[in-house]
Structures are given as structure tokens and as C-alpha cells.
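2 protein chains.
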Amino acid sequence: MKAIVLLSGGMDSVTAFHHALNEHEVVAALSFDYGSKHNAREIPFAQLHANNAGVRHETIELGFMDRHFQSDLLHSGGEIPDGHYAEANMKRTVVPFRNGIMLAIACGFAESVEAQGLVIAAHSGDHAIYPDCREPFMAGMATAMREGTYARIELLRPFIDLDKTAIARRGAELGIDFSTTWSCYKGGDIHCGTCGTCVERREAFLLAGVPDPTRYLVTPPLPSAPES
Amino acid sequence: MKAIVLLSGGMDSVTAFHHALNEHEVVAALSFDYGSKHNAREIPFAQLHANNAGVRHETIELGFMDRHFQSDLLHSGGEIPDGHYAEANMKRTVVPFRNGIMLAIACGFAESVEAQGLVIAAHSGDHAIYPDCREPFMAGMATAMREGTYARIELLRPFIDLDKTAIARRGAELGIDFSTTWSCYKGGDIHCGTCGTCVERREAFLLAGVPDPTRYLVTPPLPSAPES
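Just so you know, the sequences run in chain order A and B. First residue of the first sequence: 6, per the numbering used here; consecutive thereafter. First residue of the second sequence: 6, per the numbering used here; consecutive thereafter.
Please keep in mind that the hints were generated in silico from the structure rather than gathered at the bench. Among the clues, some could well be false.
Stated by the list, open to error - Have a look at the derived ranges for each label pair, beta carbon to beta carbon: (1) A/P231 with B/G59: 43 to 51 Å; (2) A/P231 with B/A93: 54 to 62 Å; (3) B/E84 with A/A230: 39 to 47 Å; (4) A/E84 with B/E119: 48 to 56 Å; (5) A/D182 with B/N57: 55 to 63 Å; (6) A/V118 with B/P141: 19 to 27 Å; (7) A/P218 with B/V32: 45 to 53 Å; (8) A/S81 with B/E84: 40 to 48 Å.
To be verified - Anything over 10 Å on all C-beta distances counts as not near chain A; from chain B, calculated: (9) H23; (10) A45; (11) N56; (12) G59; (13) Q75; (14) E84; (15) V100; (16) R139; (17) D168; (18) T170; (19) D182; (20) I195; (21) V215; (22) R220; (23) P231.
As the list claims (entries may be wrong) - Computed list of lysine-lysine pairs in DSS-like fashion (alpha-carbon distance at most 27 Å, straight line): (24) A/K7 with B/K96; (25) B/K96 with B/K191; (26) A/K96 with A/K191; (27) A/K96 with B/K7.
Glycine is no exception: its CB is placed at the ideal position from the N, C-alpha and C atoms.
With the hints as constraints, model all of the structure from the sequences given.
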């Protein structure tokens with residue numbers, strides 16, 4: 006079907022984009038600049054992958070989120086915490102209802118370009134502290150998108166039963182150069198190696214047995230996941 | 006409960022705002038400037054009502070909608086059609102998934118200001134041509150908002166069983182000066198009297214037996230609703 010892809014420039018969405026190129030007619034890829042510290046690092050990679058595939062790429066500016074929303078992920082927030090991605094202190098990096106906002110905008114965009122599907126890279130490991138990554142949220146949004154559009158737009162979640170390790174494997178199968186993807190929430194010159202999303206990234210490559218091409222500032226031993 | 010209100014400056018949302026002031030602790034009212042021809046006319050009225058009530062008012066700028074979305078409601082679209090609000094040609098004024106986008110952003114805003122509820126003035130007469138006004142859409146969004154936030158934010162639809170005539174009556178009971186509300190999609194100096202939303206407004210006051218304080222450019226006999 007004609008589909009658009011949410012493409013942040015991270016390893017999950019870049020893999021979902023290349024996966025979707027095999028499955029669908031991808032008519033556009035969307036990035037969102039919502040004022041996070043790492044938007045400026047990840048969006049150029051989103052654009053690179055879209056351009057290389059000859060797919061239209063648009064960046065949607067959401068400046069109001071940095072001005073009005075509370076989150077340490079944003080320029081207006083505090084320091085990015087270090088530790089395991091699934092730890093409670095990572096809650097400070099949650100941007101309220103971010104996935105709801107991106108999906109809603111992408112849904113309206115999809116209807117405007119006559120797409121029938123919308124691909125998001127949400128996966129099974131995303132759920133620990135992010136309510137807007139979990140299946141009950143996704144099911145509600147899927148209903149809202151289908152019922153709220155003439156085209157009855159479908160929310161496609163190809164990775165919902167995979168974890169990040171499986172995504173690293175899938176990306177490697179697809180021949181993705183992961184050095185052209187960005188994860189680090191701190192948004193420095195290179196990946197820090199210690200923030201929650203760097204830890205998650207390093208762990209995924211390690212468990213997948215896929216060489217990690219990322220340059221990290223430091224690579225201390227990986228912290229364990231918290232008891233669940 | 007602590008609640009925020011979607012306040013466009015139209016007669017429905019202004020009535021919902023005053024209704025909510027009686028029912029909840031209203032901590033903010035949100036307007037959205039998405040590039041419609043009438044945003045510049047309606048948003049000042051939203052601000053006026055919020056200011057008079059001592060409630061924080063914010064206008065969220067969504068410039069990307071005018072650039073990327075297809076609708077005659079937008080500056081980038083064609084002429085606003087005349088006729089009855091429920092006629093098929095009014096589909097040209099639908100902005101794809103507009104309510105989904107506004108609700109999602111308002112939900113994230115609500116979580117950031119520690120509100121538990123979000124009021125929208127959706128009503129039973131809104132459904133004819135707008136998929137993102139109907140109950141199956143609203144039910145999906147309500148699920149997504151509840152499941153996608155820590156606060157389990159509630160989507161409040163106080164007027165969902167009312168029609169616009171009943172809202173005009175409710176607004177009159179609340180003592181609202183409807184001359185400080187805006188409907189006309191054309192966004193001229195005064196209401197045109199002939200576009201779909203002017204027809205709907207005139208019809209509501211007439212059927213409610215509430216004096217219509219609106220200055221219209223012309224007031225030809227009201228067209229009939231299409232056979233349903």
C-alpha cells in the first residue's frame with residue numbers, strides 16, 4: 006500500500022524505513038523537530054536515508070513542545086540522566102504524549118498525500134517507562150486514525166513483537182550502515198555511551214552479535230536492567 | 006478535576022469553556038493557529054474569554070498544516086464553498102485529522118501542567134462530513150490519551166449528546182455574549198452569512214429561539230439540510 010514512515014534517524018526507525026521500502030510504496034518520510042537536545046544530530050541521518058532512497062523527506066517543526074512541555078529530553082529541561090534505559094530515573098526524559106502527537110500529525114499528512122498506511126518503529130522493548138509506546142495506547146491511536154480519516158488510515162507496527170536486539174539483526178540483514186543513525190539523547194558531537202539510549206544501543210548490538218560501528222565518548226561496562 | 010479546554014473562539018468552544026468553569030478547575034485554554042482563513046478572527050475571541058476568566062491562554066502555532074495539508078479551509082486552499090454545513094461540498098473544508106492533532110497536542114500540554122482532563126466541545130451535529138468528530142474516533146482518542154499518559158488523562162465531551170441548537174441555548178443560559186465568538190470560515194471583516202458554518206450558526210440561533218447578535222454581510226433564506 007501507499008505508506009509514509011516516521012523516520013527520526015535513530016536505529017529503529019531507519020531499520021523500519023528500509024523494511025518498509027521492501028513492503029510498501031513509501032511516499033514520504035517524516036521527522037519532527039520538537040526541541041530535543043538530539044534532534045539536530047538525528048534528523049540529518051533521517052534525511053540522508055530518505056534522499057538515498059529517493060523518498061520525499063519533510064521535517065515538521067514543533068517549537069511549542071520545547072516552550073510548553075516538561076521533559077529533560079528538551080533544551081528547556083534539565084540534564085540527561087545516565088543509567089539503564091528501563092530505570093525509573095529515565096522518566097525525566099519522557100516527552101508527554103510525544104508519540105500521540107507525532108502519529109496524529111503524520112496521520113493528517115498521510116491523508117493529504119493519499120497514503121493508506123503509516124509506519125512506526127515501536128517495538129516490544131520500548132514499553133518499560135513510556136506509556137505512549139505500549140500496545141493499549143497504540144490500539145487506541147490505531148482506532149482513532151482509522152475512524153478519523155476518509156482513507157481509514159492504518160497504523161502499521163512491523164516491529165511490535167521484536168525487541169531492539171532483533172531490530173539490530175534485522176537492520177544488519179538489510180545492509181544498513183548503522184554509523185549513519187543517531188541515538189544519544191545528549192546530542193553531543195559523538196554518542197556519550199552512558200545515557201539510557203546509548204546503553205540500550207550498545208546492549209542491542211552486543212546481544213545481537215552485530216558489530217557496533219558507533220563512536221562513543223566512553224564505554225564503561227554496561228549497567229544491568231532493573232529488576233522488573 | 007484540573008482540566009484544560011480546547012478554545013477556538015467559536016460559539017461551541019466558548020460555551021464549553023464557560024460550562025467547564027462551573028464544573029472543573031480550568032488551568033489553561035488552548036487555541037491552535039493552523040493557517041485557516043478564520044484563525045485570525047476567532048483566536049482573539051478565545052483570548053478575550055480566557056483573559057476575562059483569569060485563565061491562562063496559549064496559542065499553539067501549527068504552520069506545517071498550511072504548508073503540507075490539503076483543505077480549502079486553509080490559506081493554501083481554494084475558495085470556501087457556500088451552502089448547508091452538512092452538504093457533501095463542505096468536505097473540501099475538512100482539514101485531515103485536525104481534531105486528532107489538536108487533541109494529541111492538548112493531551113501532552115495537559116500532562117505538562119498536571120491536569121487530569123481535557124474538554125472538547127464536540128457535539129452530535131458535528132458528524133455529518135467530519136470523520137474526526139464522530140464517536141468511534143473520539144473513543145479511540147480517549148483510549149490513546151488515557152493509556153498514553155501517566156496521569157491517565159480523560160477526554161471530556163460535555164456536549165456530545167447535544168446539537169448546536171442546544172449549545173446556543175446553554176450558552177444563553179450561561180450569559181455568554183455571542184457577539185464575541187466567531188464562526189465564518191471565510192474570515193472576512195464580518196461573518197459572510199452564506200458559508201456552511203455561517204448557515205449552521207444562523208440556523209442554531211433561529212431554532213434555539215436565542216437572539217442572534219452576529220453582523221452578517223448577507224442573510225438570504227437558510228438552505229435546507231440535505232436528505233440524510
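Against the structure, the hints come out as follows:
1. At roughly 44 Å, the beta-carbon separation of A/P231 and B/G59 lies within the given 43 to 51 Å, and the hint holds.
2. Here the CB-CB span from A/P231 to B/A93 is close to 56 Å, well matched to the stated 54 to 62 Å.
3. Restraint check, B/E84 to A/A230: a C-beta distance of roughly 58 Å breaks the suggested window 39 to 47 Å.
4. Checked against the hint of 48 to 56 Å, the C-beta distance between A/E84 and B/E119 comes to roughly 22 Å, which is inconsistent with it.
5. Take A/D182 and B/N57: their Cβ atoms lie about 58 Å apart, and the range 55 to 63 Å holds.
6. Separation of A/V118 from B/P141 is about 24 Å and conforms to the stated range, judged on CB atoms against 19 to 27 Å.
7. Separation of A/P218 from B/V32 is about 47 Å and conforms to the stated range, judged on CB atoms against 45 to 53 Å.
8. The hint said 40 to 48 Å for the Cβ distance between A/S81 and B/E84, and at roughly 41 Å that hint holds.
9. Remark: the non-interface label on B/H23 is consistent with the geometry, its nearest Cβ contact in chain A lying 24 Å away (cut-off 10 Å).
10. Its beta-carbon lying about 18 Å from the closest one in chain A, B/A45 satisfies the requirement of being farther than 10 Å from that chain.
11. Every beta carbon of chain A lies more than 10 Å from that of B/N56, the smallest distance being close to 18 Å; the non-interface claim holds.
12. At the 10 Å boundary, the C-beta of B/G59 stays outside the reach of chain A, the nearest C-beta of that chain being 19 Å off.
13. Interface exclusion of B/Q75 from chain A breaks down, the closest Cβ pair being 5 Å apart, not more than 10 Å.
14. The claim that B/E84 is not at the interface with chain A holds, since no C-beta of that chain comes within 10 Å of its own (minimum 19 Å).
15. Not every beta carbon of chain A lies more than 10 Å from that of B/V100, the smallest distance being close to 7 Å; the non-interface claim is violated.
16. At roughly 7 Å from the closest C-beta of chain A, the C-beta of B/R139 falls inside 10 Å, breaking its exclusion from the interface.
17. No beta-carbon of chain A is positioned within 10 Å of the beta-carbon of B/D168; the least distance is around 21 Å.
18. The non-interface label for B/T170 is consistent with chain A: the shortest C-beta to C-beta separation is roughly 25 Å, beyond 10 Å.
19. The non-interface label for B/D182 is consistent with chain A: the shortest C-beta to C-beta separation is roughly 29 Å, beyond 10 Å.
20. The Cβ of B/I195 lies farther than 10 Å from every Cβ of chain A, with a closest approach of about 30 Å, so its non-interface assignment holds.
21. The non-interface label for B/V215 is consistent with chain A: the shortest C-beta to C-beta separation is roughly 31 Å, beyond 10 Å.
22. Chain A leaves B/R220 outside its interface by the beta-carbon criterion, the shortest separation being 33 Å against a cut-off of 10 Å.
23. Distance to chain A confirms B/P231 as a non-interface residue, since its nearest Cβ pair spans about 18 Å, more than 10 Å.
24. Restraint check for A/K7 and B/K96: satisfied, since their Cα atoms lie roughly 22 Å apart, inside the 27 Å limit.
25. Between the alpha carbons of B/K96 and B/K191 the distance comes to roughly 15 Å, so the proposed pair stays at or under 27 Å and holds.
26. With a C-alpha separation of about 15 Å, the suggested pair A/K96 and A/K191 falls inside the 27 Å cut-off, and the hint holds.
27. Restraint check for A/K96 and B/K7: the C-alpha separation of about 22 Å stays at or below 27 Å, so the hint holds.
Checked against the numbered hints above, the structure violates hints 3, 4, 13, 15 and 16; every other hint is satisfied.
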